[in-house]
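Asks: So the chains spell out like this:
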Amino acid sequence: MAALAARLTGGAYQRLRDTLLPPESAMRAGLALGGDADAPLHLDWIVAAMAFLAALALVGALATADAAARWRHGLTGNLTVEIPAAVSADKGAGAASPEERLNRAFDVLRSEPGITRATPVTRQHIAELLAPWLGDVGLGSLGSDAGGLAESLPVPQLVDVTLNPDGHLDLAGLKQRLAAAVPGTTVDDHQLWVADVVHLARLAVGLAIAVVVLVALTAIAAVVIATRAGLAVHHEAIDLLHLIGAEDRYIADQFAAQATRLGLRGGLLGLLIAALALVAVGVASQAVDPKLLPQLWPTVGELLPLVLIPPASAGLAWLTARRTVLSALKKKV
Amino acid sequence: MVRFENVGLRYGLGPEVLRDVYLDLGAGSFHFLTGPSGAGKSSLLRLLYLAQRPTRGRISMFGRDIATIPRADLPALRRQIGVVFQDFRLLPHLSALDNVALPLRVAGIDEGKVQEHVVELLTWVGLGDHLDAKPATLSGGQQQRVAIARAVITRPRMLLADEPTGNVDDRIALRLMHLFEELHRLGTTVLIATHNASLVERSRHPELRLDAGQLSRVTRRGAA
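Residue numbers (numbering that gives the first Met the number 0), protein chains in the order written: chain A, 0 to 332; chain B, 0 to 223.
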């Protein structure tokens, strides 16, 4: 059974290799170090694992940056005006009704040239926002707009304000005028929230970049180790090549060509596995209530940098192998 | 062409395996190198094919002092030297054709010419039917002929051979000697290390003998 599984796996791997790359015989004219199958440490699989991790880290960075940009864009163009509910002590005969307090605030908002639109948040929407804490009772009571919790709880009135992107808003002046018109009114410009989001996003992107750098360094270390192992394995062939007049560059190119093929193959395999994993996550996320999960899925355009992973793996492998061999051969006669 | 002056060689901290060697191989000369096992023949050959630098003394080759040659210039010098190793040193994953082609490919010769010359030479040494054979599928004698073909494919200025007729029958040995003679006639300097006394005695070429690391010239009646 194990032998059969191994045979099937081997066959599948060979077919995959043949699909991804031309046959070795077409690429190895003059190759003196044996085929890629002789390469030590299965460098292609190590690079595939590194490419997989790099792809996930990159996707994480791109998704976080994208979500942060969307959140920031959504929040920086808006204000929320909060008009407090009149407390029981204020509810005398001369106290302003909620509608009157709202109208006073609107008068101030309409006079501001930097504001495009001001929309009161409906009590139904406020009730929905409070539902996770108050449950259906709160929702029903508030939604009914009469009696129950709506009367007993000091729920403020909220106004969504959209700012003119080209206009200038005197936020401090607006706050003062609103407070004068309706005492206790506050303006939330979301700056604290935006700053936190931006900070978090930058941290996440920085972390992802650090992971990519770490993965690249690990891949470089793997190529160095594999190349040194290759030098040890092929020392007789290398000695022979030297004795028949091969220059260090020729020998280094042999190793570099092999490492490039393995790096490219590993990069493609890693990207393929990462793509499958991301598709699986995407499919699974479809089943989750979008309210519970923020939009973290980058667009196809934003995923384009991922196609750089295979050529980057190949380039890194080429450069590392070549430098490792040239450095080692310098010590020979 | 090749000159050794007071050359000594030791490996690490071991004893000297070559001592006070003076050697002068003129351009187009043909010499046999004889001596018992362990006398230093292989070490002398290593110095000649630039696999080793001497511990002391001076070696000049093709008019250049080995001690002062930059490392980057050694490949070009080595391409003028063909070597037949005692253990053949064929690359096991390459076919006979690719093994013989290696020195030409290393030198950057056009692939069309490589194929033409290699096929011609392998056919000449009797391996025309084994072009694609891997060394493991060839007999000792056939491997040796591949090794010899690889050594002479570049028409080297100097040919060094370590026991080149050790694994072949008399007919093939004679044929190989004719090949060496032919190269010699074309101007190649030839040095053959051998235990085959009859081969040396049959030849008119001079014999150099190594005993315990010391080189001497053997005077033979009728030798050139």
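It is worth saying that the hints were derived from the structure and are not from the lab. A couple of the hints might just be wrong.
Sample of chain A residues lacking proximity to chain B, with all beta carbon distances greater than 10 Å (derived) [to be verified]:
(1) Ala-85
(2) Val-120
(3) Asp-159
(4) Val-186
(5) Gly-205
(6) Ala-209
(7) Thr-217
(8) Ile-219
(9) Ala-236
(10) Ala-245
(11) Tyr-249
(12) Val-278
(13) Pro-310
Derived, one-sided and incomplete: chain B residues facing chain A with beta-carbon distance under 7 Å [as the list claims (entries may be wrong)]:
(14) Pro-74
(15) Arg-88
(16) Leu-90
(17) Val-105
(18) Gly-111
(19) Lys-112
(20) Arg-201
Think of the CB as a built atom: it goes at the ideal place given N, C-alpha and C, for glycine as much as any other residue.
Asks: Going through the numbered hints above, which ones does this structure break? Give me the numbers in ascending order.
Replies: 9, 10, 11, 18, 19 and 20
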